[in-house]
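Engineer: If you want the building blocks of each chain, they are given just below.
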Amino acid sequence: MSYIPLSEKDKKEMLEKIGVKSIEDLFCCIPENIRLKGNLNLPESLSEPELLEYFQEKGKKNSYEQYLSFLGGGAYDHFIPAVVDYLSLRGEFISPYTPYQPEVSQGTLQVIFEFQTLICQLTGLDIANASLYDGATGAAEAVLMANRIKEKKRLLVASNINPEYRQVIVTYTKNLGLELVELPFDQAGRIDKKSLEAAVNAETSVILCQSPNYFGVVENLKVLSEAAHEHDALLAVLISEPVSLGWLEAPGKQGADIVTGEAQSLGLPLSYGGPYLGFMSCRKEFVRQLPGRIAGQTVDADGRRGFVLTLSTREQHIRREKATSNICTNQAHCALRATIYLETLGRQGFKKLAWLNQQKAAYALSQLTAIPGVTRKFSGPVFNEFVLEFARDWKGISQKLEEKGILGGISLAGHYPGLERCALITITEKHSKERIDRYVQALKEVLK
Amino acid sequence: MINVIREPLIFEISSPGKTAVKLPELDVPETKDYLSSVPVRGDIEGFPEVSETEIARHFTRLSQMNYCVDFGFYPLGSCTMKYNPKVNEKVASMACFTSGHPLAPERLVQGNLELMKTLEKLLAEITGMDAVTLQPAAGAHGELTGMMLIRAYHTASGNPRKYVLIPDSAHGTNPSSAHICGYTVKEIKSSERGTVSVEDLGRVMDEEAAALMVTNPNTLGVFESDICQVADIVHAKGGFLYMDGANFNALAGITRPGDMKVDVLHLNLHKTFSTPHGGGGPGSGPVAVKKILEPYLPVPVIEERNGQYFLNYNRPKSIGRVKSFYGQFLVMLKALAYVMILGPDGIREMAEVAVLNSNYIRKCLEGIYHLKYDSPTLHECVFSDKFQKEYGVSNLDISKRLLDYGLHPPTMSFPLIVHGALMIEPTETESRRDLELFIEAMKRIDREVRENPELVKSAPHITYVRRLDETLAARNPVLRFEKKE
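Same order as they appear, the protein sequences are chains S and L. Following this note's numbering, the numbering of the first sequence begins with 1 at its first residue and continues without gaps. Following this note's numbering, the numbering of the second sequence begins with 449 at its first residue and continues without gaps.
Calculated from the structure, these hints are not laboratory results. Careful: at least some of the hints might be erroneous.
In the DSS-like style, the derived pairs of lysine-lysine whose C-alpha atoms are separated by at most 30 Å in a straight line are [as the list claims (entries may be wrong)]:
(1) L:K811 x S:K174
(2) L:K480 x S:K21
(3) S:K222 x S:K193
(4) S:K17 x L:K811
(5) S:K174 x L:K709
(6) S:K21 x S:K152
(7) S:K61 x S:K400
(8) S:K153 x L:K634
(9) L:K891 x L:K931
(10) L:K538 x S:K430
(11) L:K931 x L:K905
(12) S:K12 x L:K634
(13) L:K480 x S:K430
(14) L:K685 x L:K709
(15) L:K534 x S:K9
(16) S:K11 x L:K610
(17) S:K9 x S:K21
(18) S:K448 x S:K404
(19) S:K37 x S:K21
(20) S:K351 x L:K811
(21) L:K480 x S:K351
(22) S:K60 x S:K395
(23) S:K351 x S:K222
(24) S:K153 x L:K765
(25) S:K150 x S:K11
(26) S:K17 x L:K480
(27) S:K174 x L:K610
(28) S:K194 x S:K222
(29) L:K470 x S:K174
(30) S:K60 x L:K565
(31) L:K610 x S:K153
(32) L:K480 x S:K11
Cβ-to-Cβ under 8 Å is the rule here; a few derived chain L residues that face chain S [as the list claims (entries may be wrong)]:
(33) V652
(34) D654
(35) S842
(36) L844
Glycine is no exception: its CB is placed at the ideal position from the N, C-alpha and C atoms.
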């Protein structure tokens with residue numbers, strides 16, 4: 001079985017036409033000594049029902065479906081309307097290539113154009129690209145972009161951004177002779193203002209923050225953008241929970257020059273971490289430095305509106321080593337899902353969704369912190385995530401909660417020494433009052 | 449495709465008060481005490497408001513403006529646009545895989561970890577390499593990861609080295625990835641056969657060259673038959689041989705990069721391993737390495753002890769993370785399903801028929817379209833528009849005319865070493881009928897070029913839109929919708 005529609009007769013006739021005796025002869029250019037002798041050592045072919053059974057069996061070894069989860073931290077469990085799956089699974093959306101032939105790719109191109117528009121509207125900036133791999137690589141691309149624009153080596157990165165994003169920034173920048181400086185956080189959970197003032201100088205290209213940050217705390221973007229712009233640096237803002245943009249003022253309206261992040265929240269299932277969806281928007285004067293593909297509007301030979309991939313002189317297939325990024329295949333189908341999702345929710349639905357998240361989180365926060373031995377770690381304002389501190393290490397508490405069928409939160413111990421007694425808890429619209437109350441009750445019992 | 453209905457942008461069919469979803473009502477007491485602490489936004493300016501019917505019609509109509517593999521032949525060279533088996537989609541949409549949070553405790557994700565480890569092992573066997581990371585998100589991301597591994601090794605040996613050697617026939621991502629990894633690029637000219645010249649390589653390879661990046665078979669579809677000598681030259685100066693696996697569909701089950709002395713290679717699961725391109729992603733670009741580079745692989749690495757799988761972050765030599773979490777998990781499942789259903793015979797047959805189809809097309813079009821290199825080719829062949837140019841018709845015109853025949857054109861103007869290139873990769877999943885439709889269309893277009901060149905130069909004629917003005921799009925960029933006042 002290999003999905004081959006040729007019959008033996010077809011093969012024979014084709015070989016005759018080519019003028020060779022066997023398929024083997026077509027591989028004569030491969031030296032004998034490196035040809036595989038015999039078959040690959042792989043499992044024998046499965047039938048389709050056997051294949052499904054195989055995956056069902058492996059799937060049973062995953063037991064997370066039986067748990068009530070309060071995990072977030074860069075991957076969020078939001079409700080996905082049925083129409084998103086149904087429409088996005090159409091073969092016409094799943095099985096085309098990158099729209100290099102625009103005359104037969106207007107569907108994909110118009111979707112990208114709508115996606116770019118939606119991202120601009122959400123982030124409050126002028127232009128957006130077609131997508132990046134994920135929030136982490138988006139963060140890395142943002143600091144590289146800022147470095148190209150400002151041509152200064154110093155990059156200030158907040159220590160309260162998603163730790164995995166920080167790790168990817170380190171991986172990307174360490175070979176390029178750039179100076180990466182970490183900004184500590186204060187009692188509110190926000191970037192520490194004094195440290196920021198001491199760190200930012202004329203050599204700084206960018207201040208990179210996340211809002212809401214990894215602790216769920218909303219940063220003061222006005223303050224950060226003033227600090228950046230005063231030193232001829234850019235403010236890049238990471239968003240790992242874009243549902244927050246239905247509640248918070250758009251970063252572009254508060255001085256952000258680049259906004260990038262993770263849009264998994266917008267219609268993509270958790271999927272054990274991927275595929276997710278990176279996005280990026282910026283002020284229009286930086287368009288030539290924006291990485292990734294961009295769709296633009298034009299006209300056809302009859303003057304009708306159409307869309308094409310444009311400004312490709314930034315990209316690797318034209319510029320090779322001088323390109324703004326090496327990105328080629330990106331996350332187009334994920335961007336399609338996000339587009340359907342956002343347009344389905346629309347102006348009112350998206351705002352209501354954000355409000356539900358914020359309200360439920362506020363309720364959960366008040367209920368959980370009413371338990372003796374549980375306190376709110378950071379005083380800064382939050383959206384749908386918050387950090388709680390416990391009287392003892394989170395590790396033990398977390399295990400006890402697990403025994404009660406609850407994944408209570410994400411440990412901060414590994415990435416933030418000193419926060420061993422803390423956990424990051426996430427609430428979405430999928431957490432009914434009953435579920436939140438169940439968590440509160442379980443935690444009470446565990447801490448008793 | 450329905451070309452009659454012009455589908456507006458969603459923003460143009462929006463009208464106030466509509467929504468396409470019913471969200472739950474708030475079931476906790478409302479609080480308002482946040483209002484003073486953060487800048488809360490008012491309206492999301494310009495956001496659309498439509499009903500579910502309008503959503504369904506909008507996206508169904510948009511979908512019908514797309515050409516796709518499910519519709520027909522898609523001979524894009526170096527893109528491997530093969531059919532995407534539907535059972536793979538079914539596997540990847542099972543709730544037991546889509547609903548897992550990436551930070552769930554390892555104990556609860558044993559199935560996921562086992563499947564990823566299984567895919568790693570199968571890919572290692574298929575490529576003849578020692579270890580595999582599944583973390584990279586796409587081919588170019590895999591290239592970057594591979595170059596980072598090489599750089600980490602050289603750095604640990606005391607000198608990261610200065611440049612990377614890349615043939616002039618390479619994909620643009622190769623030089624770009626090397627550059628982002630902090631290397632300069634030295635281009636090497638292809639020989640008359642279109643392959644890497646062993647003599648030239650011997651002259652330029654030195655101890656400041658970190659690696660040679662080759663694509664094998666290269667972008668002409670020609671196998672680098674001196675690959676072992678090439679590897680020896682590179683290794684003698686302490687460099688690494690990187691192989692771009694974009695064209696691996698020609699080789700799977702026939703020969704293995706590991707046996708060709710390749711040190712690092714990336715695969716494109718969205719090419720060789722049948723996962724759908726989705727209109728430009730998500731892909732997945734696993735990187736396979738020899739033992740010498742294994743300590744540098746990105747963290748976390750999936751390991752197994754006493755039947756329990758876990759994520760190992762304690763890898764002091766690792767280059768670090770290249771992506772959040774563990775890669776494009778659902779894409780990996782589709783690729784694994786594909787390998788499991790094919791088995792060893794199916795994998796070999798896949799490469800055999802891909803090469804058969806390509807050679808058949810080559811034979812049928814030889815003489816009608818110009819073939820710059822006459823070396824034997826495997827899974828793809830590169831013609832040019834040299835003969836048609838005499839009538840003022842370019843590869844672009846030929847491609848656009850193919851659209852009128854209901855076919856997708858080949859890759860155009862690449863590789864750069866063939867002027868006016870038409871790069872054809874049929875893959876193994878085409879029926880004889882679809883191959884003949886393409887061949888016949890190409891022959892007819894050639895006749896049209898000589899009899900009525902204007903017809904070809906003004907193509908396409910029957911698509912949803914006609915030829916689009918790409919210069920205008922770049923000169924006067926309109927990159928988002930804005931409501932006219």
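Engineer: Taking the hints in turn, state whether each one holds.
Structural biologist: Status of the hints after comparison with the structure:
1. L:K811 x S:K174: violated (50 Å)
2. L:K480 x S:K21: Violated, at about 81 Å.
3. S:K222 x S:K193: holds (12 Å)
4. S:K17 x L:K811: Status holds; Cα separation ~7 Å.
5. S:K174 x L:K709: Since the Cα atoms of K174 of chain S and K709 of chain L sit roughly 29 Å apart, the hinted pair holds (cutoff 30 Å).
6. S:K21 x S:K152: Given that 30 Å is the threshold and the Cα spacing comes to 63 Å, the pair is violated.
7. S:K61 x S:K400: Holds. K61 of chain S to K400 of chain S sits at ~21 Å (cutoff 30 Å).
8. S:K153 x L:K634: The given pair, whose Cα atoms are some 26 Å apart, holds under the 30 Å limit.
9. L:K891 x L:K931: Not OK: K891 of chain L and K931 of chain L at ~47 Å, beyond 30 Å, violated.
10. L:K538 x S:K430: Between K538 of chain L and K430 of chain S the Cα gap is close to 25 Å, so the pair holds against 30 Å.
11. L:K931 x L:K905: violated (36 Å)
12. S:K12 x L:K634: Violated, at about 45 Å.
13. L:K480 x S:K430: holds (21 Å)
14. L:K685 x L:K709: holds (15 Å)
15. L:K534 x S:K9: holds (27 Å)
16. S:K11 x L:K610: It is violated: about 49 Å lies between the C-alpha atoms, which goes past 30 Å.
17. S:K9 x S:K21: holds (14 Å)
18. S:K448 x S:K404: Answer holds: K448 of chain S to K404 of chain S is near 14 Å, not above 30 Å.
19. S:K37 x S:K21: This hinted pair holds, its Cα atoms lying about 20 Å apart.
20. S:K351 x L:K811: violated (60 Å)
21. L:K480 x S:K351: holds (15 Å)
22. S:K60 x S:K395: holds (26 Å)
23. S:K351 x S:K222: Since the Cα atoms of K351 of chain S and K222 of chain S sit roughly 23 Å apart, the hinted pair holds (cutoff 30 Å).
24. S:K153 x L:K765: At roughly 25 Å apart (the allowed maximum being 30 Å), K765 of chain L and K153 of chain S satisfy the hint.
25. S:K150 x S:K11: violated (59 Å)
26. S:K17 x L:K480: violated (78 Å)
27. S:K174 x L:K610: holds (15 Å)
28. S:K194 x S:K222: holds (15 Å)
29. L:K470 x S:K174: violated (47 Å)
30. S:K60 x L:K565: holds (16 Å)
31. L:K610 x S:K153: Within the cut-off at roughly 20 Å; holds.
32. L:K480 x S:K11: With Cα atoms ~73 Å apart, K480 of chain L and K11 of chain S exceed 30 Å; violated.
33. V652: violated (17 Å)
34. D654: violated (19 Å)
35. S842: violated (15 Å)
36. L844: This interface hint is violated because 10 Å lies over the 8 Å limit.
Violated hints, listed in ascending order, are 1, 2, 6, 9, 11, 12, 16, 20, 25, 26, 29, 32, 33, 34, 35 and 36; each of the other numbered hints is respected by the structure.
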